[in-house]
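So the chains spell out like this:
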Amino acid sequence: MTTHAVAVNSASKIFNQGKTNEVHALDEIDLTVDDGEFITLIGPSGCGKSTLLRLIAALTKPTTGHVEVKGKSAEQARLDQDYGMAFQRAGLFDWRTVSKNIELPLELMGWNRTDRARRAEEMLELVKLPEFGGHHPSELSGGMQQRVAIARSLSFSPSLLLMDEPFGALDEMTREHMQDELLRIWAETHTTVVFVTHSIPEAAYLSSRVVVMSPRPGRIASTINVDLGDRSDDTREDPAFFEKVTEVREALRAVESI
Amino acid sequence: MTDRLQRLGRSAAPLIGGLAILAFWELALLITNPDGFVLPPPSEILAAVFDNWEAVFDAARNTGFIIVSGLVVGVLLAVSAALLVTRFRTANEIITPLAVSMNAVPIIALAPIFNAWFGLLSPRSNQAIVVVLVFFPIFINTAKGLTQVEPSQLELMESYAAGQWTIAREVRIPNAMPFFFTALKLSTSLAVIAAIVAEYFGGRQDALGPLITQSAGLTRYPEAWAAVLAGTMIGGILYTLAGVLERMAMPWHSSVRADRQSN
Numbered sequence: 051m052t053t054h055a056v057a058v059n060s061a062s063k064i065f066n067q068g069k070t071n072e073v074h075a076l077d078e079i080d081l082t083v084d085d086g087e088f089i090t091l092i093g094p095s096g097c098g099k100s101t102l103l104r105l106i107a108a109l110t111k112p113t114t115g116h117v118e119v120k121g122k123s124a125e126q127a128r129l130d131q132d133y134g135m136a137f138q139r140a141g142l143f144d145w146r147t148v149s150k151n152i153e154l155p156l157e158l159m160g161w162n163r164t165d166r167a168r169r170a171e172e173m174l175e176l177v178k179l180p181e182f183g184g185h186h187p188s189e190l191s192g193g194m195q196q197r198v199a200i201a202r203s204l205s206f207s208p209s210l211l212l213m214d215e216p217f218g219a220l221d222e223m224t225r226e227h228m229q230d231e232l233l234r235i236w237a238e239t240h241t242t243v244v245f246v247t248h249s250i251p252e253a254a255y256l257s258s259r260v261v262v263m264s265p266r267p268g269r270i271a272s273t274i275n276v277d278l279g280d281r282s283d284d285t286r287e288d289p290a291f292f293e294k295v296t297e298v299r300e301a302l303r304a305v306e307s308i
Numbered sequence: 008m009t010d011r012l013q014r015l016g017r018s019a020a021p022l023i024g025g026l027a028i029l030a031f032w033e034l035a036l037l038i039t040n041p042d043g044f045v046l047p048p049p050s051e052i053l054a055a056v057f058d059n060w061e062a063v064f065d066a067a068r069n070t071g072f073i074i075v076s077g078l079v080v081g082v083l084l085a086v087s088a089a090l091l092v093t094r095f096r097t098a099n100e101i102i103t104p105l106a107v108s109m110n111a112v113p114i115i116a117l118a119p120i121f122n123a124w125f126g127l128l129s130p131r132s133n134q135a136i137v138v139v140l141v142f143f144p145i146f147i148n149t150a151k152g153l154t155q156v157e158p159s160q161l162e163l164m165e166s167y168a169a170g171q172w173t174i175a176r177e178v179r180i181p182n183a184m185p186f187f188f189t190a191l192k193l194s195t196s197l198a199v200i201a202a203i204v205a206e207y208f209g210g211r212q213d214a215l216g217p218l219i220t221q222s223a224g225l226t227r228y229p230e231a232w233a234a235v236l237a238g239t240m241i242g243g244i245l246y247t248l249a250g251v252l253e254r255m256a257m258p259w260h261s262s263v264r265a266d267r268q269s270n
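Line order of the protein sequences matches chains W and H.
Take any residue in the first sequence, count from 1 to its spot, add 50: that is its number in the working numbering.
Take any residue in the second sequence, count from 1 to its spot, add 7: that is its number in the working numbering.
Since the hints were made in silico from the structure, they are not lab data.
We put the beta carbon where it would ideally sit given N, CA and C, even for glycine.
You can take every hint at face value.
Label-pair restraints from in silico Cβ distances:
(1) W:G192 x H:N99: 34 to 40 Å
(2) W:L278 x H:V251: 55 to 61 Å
(3) W:K178 x H:G250: 36 to 42 Å
(4) H:P104 x W:P94: 38 to 44 Å
(5) H:T154 x W:S272: 39 to 45 Å
(6) H:L193 x W:M159: 38 to 44 Å
(7) W:S272 x H:G250: 57 to 63 Å
In isolation and in its complexed conformation, chain H is listed as follows:
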């Protein structure tokens, strides 16, 4: 009973905090009543969401598809590359320097070029941006987790005459899980940013990026904010999903277990 109360209290705290900020935002604008309408109060943003429900929902769905598909492809590529690199030295010598130099490229700056490659109105260019942006943090972190194994654990496996694949399955991959999930959670917000900014430059027109630029251009700020809110929701949902996956994949992990015990 007290456990349940505590848990309720823990999830209620940020909720109350968030509501307080929104209330302050609303009240501050109500009292100061600024001339411009660059920052609309939350009530207007919420009203804009309902008034333009179909446009906002369609845009969120289209951008959400780009984010999720880009994230999935990026994660698959990054994890495969990390496995290859840690298993085969030649692969490491080819892929790792490439990935590192790729990280130095301001990937968002590639958006107009990708548009030229994939077609100005094709969502492919936006997806490609997400894939490339997500690839690096996941690749580097997963590769780190696969290699940063306690030396005595490797010696122990060797003393059992275990082969490289057994060592990968029993030691390296479980060891890399916390690294991978940290990077995945980071990547969810990166993917949202990448998709929306890429959409500023091209891709489908019924997506969040164009909705923001067009609404802002027409000084319809509540609508622009409604689109930003939709992007925030997508990021929040994906982050939460990544956290759920993390708990399911590694119930042993101290961060997960500490949570469960104190519940």
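Just chain W, same shape as in the assembly:
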């Protein structure tokens, strides 16, 4: 039997259960992600896509059902640091230099200084910011900060990357550039990615599979496979790409009208 990178089995999440402000965030979610896949979760706000990502990260527990990451419980995977995480806000620590931010997870894992410094350098090369190691995060633009956050999430070579609208706060040009960077890194590092977004073109461009979710309670409404081959700037103008965008948009419309 093969183990999946992520396996969510009939997981439900109810916040404030039994109270007046009870929220049924997720209902009977089944989702498996294979090794090396790039899947996006998309849906209107309140559909529980971020909650689902947090269930996988074991930052919150399912009310019923269970979540497995790399064949073990999500909680165990968190303790084993099997995944890297990036958020909409870069969340860099201002009191650390860019290099030291990237080194933080390595420090917590007990890497020695030389190895940490070498890895930080490699990661800065990977996100194309080699000369910025000694800077403080506040000296960097939003897009550069987000690249550092991605470098940090990849620094310990996790085989799974969980991203919660990481490009949501960026302008369109930077966002497209970052998408290409991410795809390049994904191809170079053979990482599995679960990516939350509310941008339809972003979902279609990035993923091998788009999971469309519906709100109240959060359910998986449909799954769209995307096979556009290697992405490039031409892909963004490719009719096949627009077809996928339309397909995702229509799936979302169907969700909205429920």
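For this one, chain W is given, so just place chain H on it according to the hints.
Frame of chain W, contents of chain H only:
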């Protein structure tokens, strides 16, 4: 070279401004020549400092000791309380309401009562006033800095399976630094006020508070002003020291760095 000139210009501006005010003060009194001597000109105040150098210096030293010791004890207590409160929920439930209600007490009004507790001529009562007065702003601000952390930064630390103490060391404490230093700088002037006003009611007699009340009572206003000047100097020195500590403790902070870059 131009950098140095700019820096010189920046520190010279308030100096020139201050001197201008003193000159205006001196001249205005010289021209109007008021009958009373409630407001002496700066030259007389300065002369009073030199004429009574020993008395003013001793008083400043004694009051300065009360201020500094009260400040140190108050800061240590406030920071420990803030760390406890943000780490343990029970501590929070006990200490925070206490601290908040304590803030509603007009602490200076306690001076005569503290005198009764610690002895009328003991500096302990004055120190206690400083400690209590300084405690609240530092406690509240530090606790705020320890708790107001970006949620994604906490989630990130959790995703690294970091424990609460690691999170405190790596995230909460550095995050609280700017809050703490803002409160510390505020507290330096509070501490000076608290010590001098507390001394009006009791404590050592060779201190700034009694020097002011006694000189004013004997209509020796230049001496009273000389004592006020000494208190001002103590406040200024402590504020500057707090600023130096701030720069040393958080060279990363944008306010500090912006300064350094433009130098």
